[in-house]
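In order, the protein sequence lines correspond to chains A and B.
Counted from 1, the first sequence has number 250 at position 250 by the numbering used here; the numbering is strictly sequential.
Basically the numbering used here = 1-based index in the second sequence + 1000.
Keep in mind that a hint or two might mislead.
Unchecked claim - Below 27 Å or equal to it, Euclidean Cα-Cα: the simulated DSSO-like pairs (lysine-lysine) are:
#: 1; chain 1: B; residue 1: 1284; chain 2: A; residue 2: 104
#: 2; chain 1: A; residue 1: 62; chain 2: B; residue 2: 1019
#: 3; chain 1: B; residue 1: 1284; chain 2: A; residue 2: 19
#: 4; chain 1: A; residue 1: 19; chain 2: A; residue 2: 39
#: 5; chain 1: B; residue 1: 1104; chain 2: A; residue 2: 284
To be verified - Some chain A residues judged to face chain B by a derived CB distance under 8 Å, without partners named:
#: 6; residue: 54
#: 7; residue: 57
#: 8; residue: 58
#: 9; residue: 79
#: 10; residue: 155
Treat the hints as calculated values from the structure; they're not laboratory data.
Note that the structure is predicted; figures quoted are calculated from it, not measured.
Glycine included, C-beta positions come from ideal geometry on N, C-alpha and C.
Protein chains: 2
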Amino acid sequence: MAKERVTVIDIARAAGVSKSTVSLVLQGSPLVNEATRAKVNAVIRELGYVYNRSAANLRQAKSKIIGIVVNDLTNSFFAELAVGVDAVVQSAGFVQFLANTGEKSERQREVIASMREHGVSGLIISPARGTEAADLAPLVESGIPVVLVVRDIAGAGVSSLISDNRAGALAAVRHLIARGHRRIAFLGGFADTAVFEARVRGYRDALREAGLKAGDDLVVGSAPSRAGGVTAIEQAMMLEDRPTAALCFNDAVAFGVCDGLRARRLEPGADFAVIGFDDVIEAKTAVPALTTVSVDPQGMGERAAELLLKQIKAGRAEPEAIVSPVRLVIRQSCGAAVERRMKEVSS
Amino acid sequence: MAKERVTVIDIARAAGVSKSTVSLVLQGSPLVNEATRAKVNAVIRELGYVYNRSAANLRQAKSKIIGIVVNDLTNSFFAELAVGVDAVVQSAGFVQFLANTGEKSERQREVIASMREHGVSGLIISPARGTEAADLAPLVESGIPVVLVVRDIAGAGVSSLISDNRAGALAAVRHLIARGHRRIAFLGGFADTAVFEARVRGYRDALREAGLKAGDDLVVGSAPSRAGGVTAIEQAMMLEDRPTAALCFNDAVAFGVCDGLRARRLEPGADFAVIGFDDVIEAKTAVPALTTVSVDPQGMGERAAELLLKQIKAGRAEPEAIVSPVRLVIRQSCGAAVERRMKEVSS
DNA sequence: CTTAATAATTGGAACGTTCCAATCTCGTCA
DNA sequence: TGACGAGATTGGAACGTTCCAATTATTAAG
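Kindly produce the complete structure, drawing on both the sequences and the hints.
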């Protein structure tokens, strides 16, 4: 069944032209006559020709593949990021090579190597935990454009696109304070990441400027997952002086916190205010709808892809460090919307 | 900065051997002397050589790439499926090319074509809605191994791996009936899909065998998402004779149904029984933990990958249609576990 | 009618690898 | 000593495309 491979030469023979002409047609060159173009295209369709990109790549150095490596595909934040990237990459005529590292740096090394071997013309990386500048050094030295997303790596010397984590946390906690909360926790996340550090910094700054003290017992780390959120809130509720509100490391944790709250017969939004981070799609439709710091993962993916494409086109651009603004979207889980809605109804 | 590409010839020259020897080393051939192998490897590291897979692919027809195309990456079911595939594919020395079609068959055509051009040696496809056998025809004629997952396509003539949707729904609804429910709804999903059809069939069969009538008003379709679940339950609760339990099209819908229930001050698991389908990771940690039909997406991905690998190795195998067994995992959202837990406590 | 310019087409080299058949180097055995 | 075979190594052809310079066909200008 597996028929002989049809090549450009077969097409040429069948169409009565040279292989060069066929090649020209394939690349949509304006040099070729309309009639022959039509003829060639017809033969191509007829013989079921499939373009051999390996051969093309071999000849010309550029590959039309861009790679994206994420640290946790099962986290919908990254899945959305990937579809954002895919959208723009695709429409630019590139194809996306996606790999998941599962936070393992060994695995990350492998997939990056593999992508290099396949000749990707650019790479978008959301680095695994613990990735250092040295790990990326061979890659950046090779001159392949790289943009880091979500997590920046100091001294890597490549472009990065991260969200303004400190500002987001600051805004969220200010909001909580404005609504009268005094005991505010920071829940979830691994303490050894830059993202965690930035978010906690914003949290602390907000408390400080309100003259509240930021005790260490109120920031409790955990896995940045739904399950982690459950354990984090449980731990926080063991404190003798319990918090009445929490900013969570991300939305997954926030959902877990809501779950944990309910398990203790506390209604999130009414009895306890919770704010997430990321604005995953489900945040809007959850009940109560999650108040969260919107970082628009899909949009971030799009911007990262655009940045990368720009660098690919430019050959070798100066690395830029973009910090993407962030905004607090107030929904129901922090209690604000409930109040507001009641006001609306009564007016 | 972008240095000259170092090739196998450069290595050969630097190591004082021929390019053939270097090639042999690269492929780990046992033919080459240990000393020269070490020498060559040292030079490879020293010069920062990166293997050019395009060139290799050109020479030998096999490519070490397998492609996976999913219809909705933002649905964590598919994200997990993809990581399952990735795990086995990777350990077999292949690399995974992942693309997302977003349910658009035009897009699906493009990505499949692109993968063919890159010379994938096999393809795992979770087809977009509305994909027909004819759409896949050119692909299967080319003789490249394909396995369809999640959704089968009649007459496509390729292997498929789907879960036993009817049996799962049957078991779930039987359980609901055994717990005394009489008004049971089927919520969510697009009615024009085979998966929907099979699940509803199981649902109907269970009702019928219990002598319950399966009114059409109790099956309400919607988008297979969290938001869809919210609207579906809302619609179901408009009925004058309200259901007291529901089997949902998938877990995302089930979560939405829980949300919708809470919005009406009904506690899922206590006031209304809900069962999902898929057993996404969050199902276990949600509150209440979701009773669901476990299809183990990650395991399914692994099995699909193994099947594909087997076919790739075998050259051209007979298409197999595997239906993967499924099991009802009883947690809290159907009310059963609550009862059981109380019993445990009292004993 | 010649020449120049333009439009289309073309053959061959090149890309970096693998494969094949051929060669070289030993040590061993008769 | 010569023949043999095993172990290592090697040169060159091939894979399917693109690029370049060259060629041919066509049209316009003089």
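Hints, verified against the model:
1. In summary, the hint linking residue 1284 of chain B to residue 104 of chain A is supported, as the alpha carbons are separated by about 24 Å, within the 27 Å threshold.
2. Restraint check for residue 62 of chain A and residue 1019 of chain B: satisfied, since their Cα atoms lie roughly 24 Å apart, inside the 27 Å limit.
3. Proposed proximity of residue 1284 of chain B and residue 19 of chain A is contradicted: the alpha carbons are some 59 Å apart, above 27 Å.
4. About 13 Å separates the Cα atoms of residue 19 of chain A and residue 39 of chain A, which keeps this hinted pair within 27 Å; it holds.
5. Our distance criterion of 27 Å between C-alpha atoms is met by residue 1104 of chain B and residue 284 of chain A, whose separation comes to about 24 Å.
6. Interface hint status for residue 54 of chain A: upheld, as the beta-carbon distance to the closest one in chain B is roughly 4 Å, under 8 Å.
7. With its C-beta approaching chain B no nearer than about 4 Å, residue 57 of chain A sits inside the 8 Å limit, and its interface hint holds.
8. The interface hint given for residue 58 of chain A holds, since its Cβ lies 5 Å from the closest Cβ of chain B, which is under the 8 Å cut-off.
9. Because the closest C-beta pair between residue 79 of chain A and chain B is about 5 Å apart, less than 8 Å, the hint holds.
10. The interface hint given for residue 155 of chain A is violated, since its Cβ lies 17 Å from the closest Cβ of chain B, which is over the 8 Å cut-off.
Hint compliance for this structure: hints 3 and 10 are not met, and every other hint is.
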